[in-house]
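J.: What follows is the residue order along each chain.
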Amino acid sequence: MNTQNMISSVKSTLKSFGLPRIIIGLFLLLLFILAPFVGVNIGTSLSDTLNRFGMNAVMVLAMVPMIHSGCGLNFGLPLGIIAGLLGGTLSMQFNFTGPSSFMMAILFATPFAVILGWGYGQLLNKVKGGEMMIATYVGFSSVAFMCIMWLLLPYSNPTMVWGYSGSGLRTTISTEGYYLHVLNDFFSIRLTEHLTIPTGMFLFFAVLALIIWAFLHTKTGTAMTAVGSNPVFARASGINVDKIRTLSVVMSTWLGAIGILVYQQSFGFIQLYMGPFYMALPAVSAILIGGASVNKATITNVIVGTFLFQGILTMTPSVMNSMIHTDMSEVIRIVVSNGMILYALTRRTEATR
Amino acid sequence: MKMKFDRQFWVRCAAIVVVLLFGMLMFFIGKQHTILLDNKTITVNGQEIRALQLVEVQVNKLESLELAARDRDKVDVTRQSHKITITYTDSNWNEISFTRKFKVPLMEEMVIISIPTLVSDPEADQSLWLEKYELPAYAIQASPEEEVVITDDLAGLISL
Amino acid sequence: MTLQRTKSQKVLRFLGNNTVPILFLVICAFGIPLSGYSTNYLVSEVVVRIARNSFLIVSLLIPILAGMGLNFGMTLGAMAGQIGLIFISDWGIVGIPGMLLAMIISTPISIALGLWCGKILNMAKGREMVTSYIIGFFMNGIYQLVVLYGMGSIIPIRSSALVLPRGYGIRNTVNLIGIRKSLDNVLTIKLFGVPIPLVTFAVIALLCIFVLWFKKTKLGQDMRSVGQDMEVARAAGIKVEHTRIVSIVISTVFAGYGMILYLQNIGTLNTYNSHMQIGMFSVAALLVGGATVSKANIRNVFLGVILFHLMFIVSPMAGKNLIGQAQLGEYFRVFVSYGVITISLVLYEVRKKRDRGDAGQLLAAEQGEAE
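Protein chains in written order, with my numbering: chain F, 1 to 353; chain Y, 1 to 160; chain P, 1 to 371.
Worth flagging that the hints you see were computed from the coordinates, not collected in a lab. Watch out, some of these pointers could steer you wrong.
[Claimed, not checked] Each computed PhoX-like pair below joins lysine-lysine, with the alpha-carbon atoms no more than 20 Å apart:
1. Lys128/F / Lys10/P
2. Lys352/P / Lys126/F
3. Lys10/P / Lys353/P
4. Lys296/F / Lys125/P
5. Lys126/F / Lys10/P
6. Lys132/Y / Lys103/Y
7. Lys126/F / Lys353/P
8. Lys11/F / Lys353/P
9. Lys132/Y / Lys83/Y
10. Lys11/F / Lys128/F
11. Lys219/F / Lys243/F
12. Lys40/Y / Lys61/Y
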């Protein structure tokens, strides 16, 4: 009797957790177990994974507001990334260095994020039901548009522009001397020779996550959740559905801007032009791997998902390379991330339009 | 889906077979072969056969090629059965010309015909003067550096 | 009974319904003189593009008929066609027989991929476009698994010129010199100095006739009903899921053939990138021609090809002459390509709501009359 109950409860937990996630989790565990046997240092791997976790977590967090308010997966994250890029480049243009550079970048990025997010939100409100496809193409069009802008805008800092002509930004700009590693090195804990924990990034993410979590429990936050799960009921309760949705889009865009700045300070480079083009997809798959669905997401999903996804991205190349001397990491990344999104898209949802 | 061996099923089977046969036909018709024409002195069965001073070779209806001693030229042909026409001046200053049919084996991309051997005995079996040719390893074009395969989605949005 | 509309309302409605083509006409009207290209050059370039791309774009029509939206999954058909071409390049088959053999090889692969794609789309009803978009990316990973790792190792490839130096995996570019322009060159006439590949156009015409005939068959009519309203079609006894899958399979198979036609014109296969770009460009071209997510016909295909590719050709030079950087023109045309898809998608959704509103108005007017 007891074993039967246990089995059925295990089965139901497995079902709710979802088979793909379990497979991915086990796969990652397997990689970690194999690592020392094939000569890959666990400390370095863990360090890398944690580092990448910190780099990407905020962008994954950016998915949460829009999923909550029923706007679907934010394939239009590039719009927020562009706001962040504008902030970062402006901060460098005005020669802020060190931690203040990072702060100023956020400060410069915020108005852009708000304006772009607001416009984007208005657009999404007019196309309820087809948000995801339009989000994708809004993201693409804006990246392509900014390509033109990066060429034309009057930046003058010599580390940023092309040498010969003196105008037009370079494709990749190094953040060294500006805000490289400002968060990483903040209170970083060095455990062993190979293992460093970038505490600064984690603290930053924790603060943002806390803010979002707290927000979702405020009156506006619960209204947002209501709009996402049952728009008709929400409207009947007197909530201004459109305004809440626009708010969620603005929040998402702003988090995207912050996210790319966190990414850049760790990565070391600002990637312009076509750089942000496909950046929405990893964030989307990460949150889906973490257990979110098209209309439901929690902070736990963000943390678990980013860790699993980045873990696989970090471990697969090193372990597989040492094992079978083939670098299949790119293919695995494509299959895992897109497969996860596909899985999420084919689940039945209860949200009504 | 129940398997019904009715008329529709057999018609469909027949259609698939027809398509497969057609595909095989295309394979035969379209297979390209490179024929190397070699005018070198070679030793066959212990006998040395000298190269000709000047010989004119024409494969099928393609443009005729002139080969001096030690020359080699090539033609690309499709399908398997071909004609080769050789014109040369022998030691008595007579101009001799003959045509010989031959078949290129299906699976060989490159074959080499030794012209002197063919000239010495036009009626000989083709296996004497036609054989498969394998490119020496260094001739295969390799890219200078380790070819990096661009698998990233980003590449090439601009060109059509 | 139709709603009475004022003349200005009618004009506005016409503009609204045809926003995208008109927008493109304006862009081309500006771009062509700016670029400085001669008419002869432009006409011959456009003719080449029509011959090259139309087949692919026509393959998008059938899923739209069946209500599946824009079939970004045509990428799967393109991949199947490319695999066929890799094999015939390896086996050294040239000319028209080579092309036909590649088509024969690609067909079962396309059918299998189309079946799988259709099944998944049936599981994501209401989100077909995003899903087909992601399916394209996902299959790209599988394609790379096969072509970059499987070929040469598990799948025997004899020609070492095709394989990467490391021993397995196909190179970045495959030279299709064997079939290059083989269909185009069969019969080319020069009209006013512009070369026109007659046989290619004949093939495209055949496909158009097929599509027109298909729309009249029972299967075609079934698809139209499914496209208009799935539940009504189901009530009428149509096998909705099956019909939807069939539409995707047909589209995928034709996309495979179209890709082969496209590549025989270009002459080189960009192994890892061609298929990804082609989906986006075909969809953009179709939308530029005035098609929407739920309605598209042959006219849209050809109008779209002409306008879209005109814009594509003149942009770099126009950018150079206008601002001094050709790179600007190139980014501009990428922006316009994506922008046009965005605008079309937005207009489609907006119009859907407006049509619902109109239907309500119509109903109200009828009820008012009845009283």
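J.: Next step is simple, just say for each hint if it's right about the structure.
T.: Hints versus structure:
1. Lys128/F / Lys10/P: Violated. Lys128/F to Lys10/P sits at ~27 Å, over the 20 Å cutoff.
2. Lys352/P / Lys126/F: holds, 11 Å
3. Lys10/P / Lys353/P: Roughly 18 Å between the alpha carbons, so the hint for Lys10/P and Lys353/P holds.
4. Lys296/F / Lys125/P: holds, 19 Å
5. Lys126/F / Lys10/P: violated, 23 Å
6. Lys132/Y / Lys103/Y: It holds: about 12 Å lies between the C-alpha atoms, which stays within 20 Å.
7. Lys126/F / Lys353/P: Since the Cα atoms of Lys126/F and Lys353/P sit roughly 9 Å apart, the hinted pair holds (cutoff 20 Å).
8. Lys11/F / Lys353/P: Distance of about 44 Å is beyond 20 Å: violated.
9. Lys132/Y / Lys83/Y: holds, 18 Å
10. Lys11/F / Lys128/F: violated, 36 Å
11. Lys219/F / Lys243/F: holds, 14 Å
12. Lys40/Y / Lys61/Y: Between Lys40/Y and Lys61/Y the Cα gap is close to 24 Å, so the pair fails against 20 Å, i.e. violated.
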